[in-house]
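Residues per chain, in single letters:
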Amino acid sequence: QKEVEQDPGPLSVPEGAIVSLNCTYSNSAFQYFMWYRQYSRKGPELLMYTYSSGNKEDGRFTAQVDKSSKYISLFIRDSQPSDSATYLCAMSAPTGANSKLTFGKGITLSVRP
Amino acid sequence: GAVVSQHPSWVICKSGTSVKIECRSLDFQATTMFWYRQFPKQSLMLMATSNEGSKATYEQGVEKDKFLINHASLTLSTLTVTSAHPEDSSFYICSANLGTGTSGRVGKNIQYFGAGTRLSVL
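Order-wise, the sequence lines are chains A and B.
Numbered according to this note's numbering, the first sequence terminates at residue 113, and the numbering increases by one at each position without gaps.
Numbered according to this note's numbering, the second sequence terminates at residue 122, and the numbering increases by one at each position without gaps.
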């Protein structure tokens with residue numbers, strides 16, 4: 001079993017739709033949970049991060065972490081064509097400065113005008 | 001948010017030459033930076049962890065003599081691809097760990113990424 005599983009997609013939705021992206025993980029030591037957005041030929045951009053369990057909202061984006069189920073989600077409300085990108089979940093354990101990120105494989109989202 | 005600058009964004013070089021890529025944290029100090037490689041339509045592959053003032057830690061299968069990493073200051077890490085060959089052509093991305101410098105960010109184990117460098121070796 002891989003440490004982080006993410007539905008590879010791709011995912012295509014109409015403009016204005018609510019998008020739900022999910023990852024599951026197996027390592028209970030993970031405490032930091034991040035969602036990155038990556039446009040083609042660009043570096044990943046941090047969208048949201050959450051420490052431990054709970055919800056976090058930032059504009060049209062909501063991140064949820066359920067540590068009991070080892071499941072994290074990113075919701076995008078009122079999706080826009082500019083949201084079309086690859087979304088990567090990532091997580092790490094708080095073991096110090098050298099803590100590596102463990103990534104999901106990423107899902108490519110296309111928002112149709 | 002924290003800003004990481006990576007330069008150059010694109011480089012073309014002849015086979016056998018060396019190429020240096022710079023990664024700078026602009027508004028925070030980072031004792032730890034990371035170097036990744038990404039192939040088309042794939043996720044990021046960690047190459048090495050760059051530690052300020054000490055040797056880098058390379059992932060299994062990554063040639064340390066091929067990919068030289070120097071982290072001479074708290075805001076700068078460099079990756080040099082030595083004697084580059086066409087198979088080294090790829091997208092290289094750096095990141096800096098926010099929670100490793102001064103200020104109140106210590107402990108926040110969050111990485112911010114540079115924009116990436118596209119290397120094409122002819």
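Don't read these hints as lab results, they were simulated from the structure.
Treat the numbers as computed from the prediction; the structure is a model and nothing was measured.
Honestly, I wouldn't trust all of these hints.
[Stated by the list, open to error] BS3-like mimics (lysine-lysine), calculated; alpha carbons at most 25 angstroms apart, straight line: (1) B:Lys-14 x A:Lys-100; (2) A:Lys-100 x B:Lys-64; (3) A:Lys-70 x A:Lys-42; (4) B:Lys-66 x A:Lys-100; (5) B:Lys-20 x A:Lys-42; (6) A:Lys-56 x A:Lys-70; (7) B:Lys-14 x A:Lys-105; (8) A:Lys-67 x A:Lys-105.
How the hints compare with the structure:
Restraint check: the Cα-Cα separation between Lys-14 (chain B) and Lys-100 (chain A) comes to about 33 angstroms, which exceeds 25 angstroms; the hinted pair is violated. Under the criterion of a C-alpha separation no larger than 25 angstroms, the hint pairing Lys-100 (chain A) with Lys-64 (chain B) is consistent with the structure, at around 18 angstroms. For the hint linking Lys-70 (chain A) to Lys-42 (chain A), the alpha-carbon distance of about 29 angstroms lies beyond 25 angstroms, and the restraint is violated. With a C-alpha separation of about 22 angstroms, the suggested pairing of Lys-66 (chain B) with Lys-100 (chain A) holds against the 25 angstroms cut-off.
Under the criterion of a C-alpha separation no larger than 25 angstroms, the hint pairing Lys-20 (chain B) with Lys-42 (chain A) is consistent with the structure, at around 19 angstroms. For the hint linking Lys-56 (chain A) to Lys-70 (chain A), the alpha-carbon distance of about 17 angstroms falls within 25 angstroms, and the restraint holds. Using a Cα cut-off of 25 angstroms, the hinted pair Lys-14 (chain B) and Lys-105 (chain A) is violated, with the two alpha carbons roughly 32 angstroms apart. At roughly 20 angstroms between alpha-carbon atoms, Lys-67 (chain A) and Lys-105 (chain A) fall within 25 angstroms of each other, so this suggested pair holds.
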